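Student: If you're matching them up, the sequences are chains A and B in order. Position 271 (the first sequence) corresponds to 271 in our numbering; numbering is contiguous. Position 220 (the second sequence) corresponds to 220 in our numbering; numbering is contiguous.
Hints should not be assumed to be uniformly reliable.
Here chain B is said to cover these stretches of chain A; the calculated rule only asks that three of the stretch's residues, wherever they fall, bring their Cβ under 8 Å from a Cβ of chain B [to be verified]:
#, segment
1, 38 to 44
2, 212 to 226
The following label-pair restraints were derived from C-beta to C-beta distances [stated by the list, open to error]:
#, chain 1, residue 1, chain 2, residue 2, range
3, B, LEU57, A, ARG74, 39 to 49 Å
4, A, LEU277, B, LYS180, 28 to 38 Å
5, A, LEU292, B, ILE366, 30 to 40 Å
6, A, ARG74, B, LYS177, 40 to 50 Å
7, A, SER237, B, THR321, 49 to 59 Å
8, B, ARG233, A, GLU84, 34 to 44 Å
9, A, VAL92, B, VAL203, 39 to 49 Å
10, A, LEU292, B, GLU55, 58 to 68 Å
11, B, TYR49, A, TYR57, 30 to 40 Å
12, A, ARG61, B, GLU55, 50 to 60 Å
13, B, GLU191, A, VAL337, 42 to 52 Å
14, B, VAL203, A, PRO322, 18 to 28 Å
15, A, GLU84, B, LYS177, 41 to 51 Å
16, A, TYR57, B, LYS302, 47 to 57 Å
Among chain A residues calculated to face chain B with C-beta under 7 Å, some are [to be verified]:
#, residue
17, VAL49
18, LYS148
19, ARG308
Source of the hints: derived by calculation from the structure; they are not laboratory data. All of these numbers come straight from a predicted model, not from anything done at the bench. Glycine included, each C-beta is placed from N, C-alpha and C at the ideal position.
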Amino acid sequence: MMGMGALEWLISLLLSPQVFAPLIFPGLATALVVLLTVIWAERKIAARVQMRVGPLYVTRRFGGVLQMLADGTRYMFQEFIIPETCDKPYFVFAPILALTLAILPFAFIPAAPGFSPVKSPLSLLGALAVTSAVPLAVLLMGWSSENKFAIQGAVREAFMTVAYEAVVFISALAMGVAYGTLDLEEAVLRQRLPGVLLNPVSAFVFFVGMVMSSGKLPFDIVEGEQEIVAGPYVEYSGIIFGIGMGLAYLKLYAFSLLFSLLYLAGWEPLPAPLYNLYPALGGVLLFAKAYLVMLFVVFLRSVYGRYRLDQALRAGWRVYFPLALLSVLISVVVRVVGYA
Amino acid sequence: MRARLLAREGGEEVYELFIGPQHPSSGHMRFIVRLEGDVIVSVDPDIGYVHRTMEKLAEGREAIKVIPLLERMTIIDSHNVTIGLVRAMEKLLDVEPPPRARYLRTLLSEMNRIASHLYGIGIAGIMLNHSTMFMWAFGDREVWLQLAEELTGARLTHTYSIPGGVRRDLPQGFAEKAEKAIRYMERRLEEYKRIFLENPQVVARYEGVGVLRRHEASRLGVVGPNLRASGVRYDARLAEDYAAYSEVEFEVPTFEEGDAYARMRQRVEEIKQSMSIIRQVLRKMPSGPFFAEKYLRLLPPKLRDQVLSTGRLKFPAIFATMKLPQGEAVARAEMGHGEIFYHIISDGGSKPYRLRVVTPSFRNVILFRYLMPGHRFMDFPAIYGSLDYFPPEADR
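Required output: the full structure, derived from the provided sequences and hints.
Tutor: Structure below.
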């Protein structure tokens, strides 16, 4: 009897949003699956465009889908080298901090109506604030490596943060103005018209900011392989290097969820039977939308090369910043005209 | 230009980076790049990492064996790199290739040129992290490699031209295959334009970057597409009459801008011209032997008949010990990267007494020093890619 009670208690604990959301969906476990499949999809899409077959070595019958798992396993068993010259405590601590900060936004992101670990009227701001702290950890990674390329990369990260942060915040807040709330759950409920139709300028600017933030082409400036080898991650090896590489995709995943919530009507239309079975399952459509957004972002790699740092900065401040302000104006007009 | 060169070097505010020899985009060499903030103050190209003593090695082997050796300098352009050598040896030996051989040489040279330019475009693509351009160019290069294999029996190390002619005759049905390849390439060049050359992101990276003025280009002794993209109409195919270039019609495209963008478009225009030359060559291909009568006569009758009927030359031992008459000869040829120059001195033995080769990449490497200062650090790979610089060729 005692055992049964403990098991039930454990299951109910696991299924409570406070545990399920950050650990399983949309948090850690799902993020891991996303990481493995999106990178695979990115390589497959690029391969298709480039007349190749892409990864096929591992699980050939399934199109090499487990290649990333194999790579990850290899990272796991690879020696983690700590260079003599680096600032050791920071060198080891920074990637852990980065990973923690990259996972934190999932605490604010609701997967389905009423299903979010931290209910807050400011969940949009919370999620954005946490994501914008990741670059600090990356800066620390680059700086503590004591490597010329890593420091260059860290400086680039700082510059890029300056370029996209204001753009992302203002364009997201424009939607806050349009919906009259900074609560992501409320924002979805108030989208009678998907945000992308309501304020396309804001959607576009947020999208560009999100590509910049997650360091995907044409803005993969921080890693800058052709100039600075791997930027802030150049001295890292083994699983920590894998984490560094995964960081960008985690950020992309968090931003894609935010994009889907703000502009693509989130989990609407809600699949009621699934939702009634278990609330988190109501987030299936949200996940599908976010996944499509991610696929589109990684597809850009097949089309673009890399912009120059100063071009990205100029674009951020001279093009996207004014556009973000314009999107606020549009939202104000929408509000005054009386959409909400 | 002077102001750019006189920028201060050293000092507290200068950040020195060693790019290479183990670096994703250094190639087989090292660059010492000095930065002030994000702006390049100076670049020192440090060459010699793949120096293989080609000239010295050439002195140690029989003349005919020098050809496959020197192919290794620019393995991606191996016919163009050795045709100058073959011409110089022919001048010493006083032998002329028959017309059909001259046309066949032109044919392979132009196929090589296309493959070499595609290689350059692909590398330039990946230097901007444009992986699609990289994969496309390298994939389409395969078309020309297979065509070259069809003609010569080897994908890269053709050793096709030899003193007195070529090693193999045109295979059956080659013209149709070449025409198919040309049509495919014409279609692909349009697609390159859409994905790369007219892609706003790529144009933003190339336009106005690494400008090489006309007078600077000629003063620095730059050669090849890099020179022509700066508005100088110089091409060794016109300057020195070799192969069948005087009998086909082609234009030497030039651009006035002299920037990285012009250099990239220059290569595309040259691919178009090369394809036009291949078409003309296949149309005008004269009949007759593909090897000089003077040497064919040396073959035993049975072997001679076999060579003429199969269209494949088997080397008799006599070639290996062939003596180069005493004297000197010079020759030049236009490679994909630019003009290559050969100077052979012979003391009458079977091995060259001295062989001097000046390669186009060696002449172009100076550009790293001149074009980079004043640009952003991220322009470094963009300019490098646009120069189509090939370290093993420069180092020899």
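Student: A separate judgement is required for each hint: does it hold in the structure or not?
Tutor: Results of checking the hints against the structure:
Residues of the segment 38 to 44 of chain A lying with their CB closer than 8 Å to a CB of chain B number 0, which falls below the three-residue condition for coverage. By the rule of at least three residues with a Cβ nearer than 8 Å to a Cβ of chain B, the coverage given for the segment 212 to 226 of chain A holds, with 7 such residues. For LEU57/B and ARG74/A, the hinted distance range of 39 to 49 Å is satisfied, since their beta carbons lie about 41 Å from each other. Checked against the hint of 28 to 38 Å, the C-beta distance between LEU277/A and LYS180/B comes to roughly 59 Å, which is inconsistent with it.
Evaluation of the 30 to 40 Å hint for LEU292/A and ILE366/B yields a failure: the beta carbon distance comes to about 51 Å. Between ARG74/A and LYS177/B the CB atoms are about 43 Å apart, so this pair conforms to the stated range of 40 to 50 Å. The hinted window of 49 to 59 Å between SER237/A and THR321/B holds, with their beta carbons roughly 56 Å apart. The given range of 34 to 44 Å is broken by ARG233/B and GLU84/A, whose C-beta atoms sit roughly 57 Å from each other.
Between VAL92/A and VAL203/B the beta carbon distance is about 43 Å. The supplied range of 39 to 49 Å therefore holds. About 60 Å separates the C-beta atoms of LEU292/A and GLU55/B, a value consistent with the hinted range of 58 to 68 Å. A hinted range of 30 to 40 Å for the beta carbons of TYR49/B and TYR57/A is consistent with their spacing of about 32 Å. The hint said 50 to 60 Å for the Cβ distance between ARG61/A and GLU55/B, and at roughly 54 Å that hint holds.
At roughly 45 Å, the beta carbons of GLU191/B and VAL337/A sit within the given window of 42 to 52 Å. In this structure the supplied range 18 to 28 Å holds for VAL203/B paired with PRO322/A, their Cβ-Cβ distance being about 23 Å. Distance hint check for GLU84/A and LYS177/B: the Cβ-Cβ separation is about 59 Å, which falls outside the suggested range of 41 to 51 Å. Between TYR57/A and LYS302/B the beta carbon distance is about 52 Å. The supplied range of 47 to 57 Å therefore holds.
Annotation: VAL49/A was flagged as interfacial toward chain B, and the flag holds, the nearest CB pair being 6 Å apart, inside 7 Å. Because the closest C-beta pair between LYS148/A and chain B is about 6 Å apart, less than 7 Å, the hint holds. For ARG308/A, the interface hint holds, since its Cβ comes within 7 Å of a Cβ in chain B; the closest pair sits about 4 Å apart.
Hints 1, 4, 5, 8 and 15 from the earlier list are contradicted by this structure; the remaining hints agree with it.
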